[in-house]
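Engineer: Each protein sequence line maps, in turn, to chains D and S. Residue numbers 1 to 49, in the working numbering, belong to the letters of the first sequence in order. Residue numbers 1 to 260, in the working numbering, belong to the letters of the second sequence in order.
For the record, the hints were derived by calculation from the structure and aren't laboratory data. Being a predicted model, the structure only gives us computed values, none of them experimental. For each residue, glycine too, the CB sits at the ideal point set by N, CA and C. Treat each hint with caution, since some may be false.
Chain D stretches covered by chain S per the calculated footprint, using a threshold of three residues with CB under 8 Å from any CB of chain S [said to hold, decoys possible]:
no., stretch
1, 6-15
2, 32-41
If you want a taste of the chain D side facing chain S, the calculated C-beta under 8 Å gives, among others [as the list claims (entries may be wrong)]:
no., residue
3, Met1
4, Ala2
5, Leu19
6, Gly47
7, Gly48
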Amino acid sequence: MAVWLSENGYDVPRTAVLLNGRIVPRAEMESTALKNSDTMEIVSFVGGG
Amino acid sequence: MMRVTVNGVLTDTDSGTVGELGRHLYPDRGIYVADGRQVGGDTPLHEGMRIYFGKGEDMRTAMLDRNDPDVSRCLSSSCVGIAGLGGLGSNIAAMLARAGVGKLIIADFDSVDLGNLNRQNYLVEDLGLAKTDATERMVGRISPFTRIEKHTARLTPDNIPRVFGGCDAVCEAFDAADQKAMLVSAVMEKLPGVPLVCGSGMAGYGNANSVVSRTVLGGVVLCGDGTEGRYLMSPHVNICAGHMADAVLKILTKKENTDV
C-alpha cells in the first residue's frame, strides 16, 4: 500500500486510508498488500491549524 | 486577617477557606469561583483573591438561556476531546465552552509564543505558559462550569486511547499534516465509534466560502478548504474552527436524540 500511494503521488505520512471499509493502522501501511477489487478511500491532509 | 474581593466588594476576613467564607457571607449560594475558576469549598483563601459566590442554577441559566433547553442539557453532560491547542483547538475550546459543553479533554505539548498570537486564542499575558494551562484559564474565564482535563504531552498512537477514551467526540486540531493523519488513524483504529472532526486547509484570506464540512472515511467530518498554504490568518482559521465546533454540536445533540 505504501508503495502504491507513493507511486500515485501521495505523501504517505500525511494520508489516512480506509481499505475495504476498515482504517489501516499507520504501523501496517508498509506491510499491507493490495489485491484486485480492493476499495480504498484516501484522505490526504494539508498542514495548518 | 486578609483582604479579598467577594462578588466585586473588597472584604476583610479571618476565614481560612473559600467554603468557610461562603457559608458565612452567602449561605444560600453553592457555586464558588476563585480567580477565574470554579473551585471546591476547601480551597484556601489567599491575599487578593477574587471570589464570586453564585447560585448554580442562576448562573448556569443566565449563561445558557439562549440555547434550546434540551440542547443545553445534552451538551452539559457531554465530553469532547481536543487534540492540539493552536489556531483551531484554542478557538474550538472557547466556542464549546460558550455553548455549554460540560467537559473538555485538552492535549498539547507546546507553550504559547509570540508567533501564536496572530490566530490563536491567547493573550500577551499567556506567553510562556503551557497551552493546556492557558486554555484552562481562558475557558475558566468564559465558563467556570466547564470541567477541564489537561494532558501536557505529545499525543501518540499509544497514549491516544487513554487520553480520549470516553469522549463523545474528538477534534483533530493539530498543525502538522502527518500528525493529523496519525491521530485520525489511531482514533479510528483504537476508539471505534468515537466521532471525529478534523481540519485540513485553512490558510490565507478573502475566500471565506471555500471552507466546507464534508464526511470522509465512513463518518469522519473533515472541515476546511483542503488547500495547502503557508500563511495562516485569524479569520480563515476561525471559520474552520467554527465549522468544527458546529459539527461537534451536531454530533452531541444527535447522540441525545438517538438515546431518547
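Engineer: Could you tell me which of the numbered hints above are not met by this structure, giving the numbers in increasing order?
Structural biologist: Hints 2, 3, 4, 5 are the ones this structure does not satisfy, whereas the remaining hints hold.
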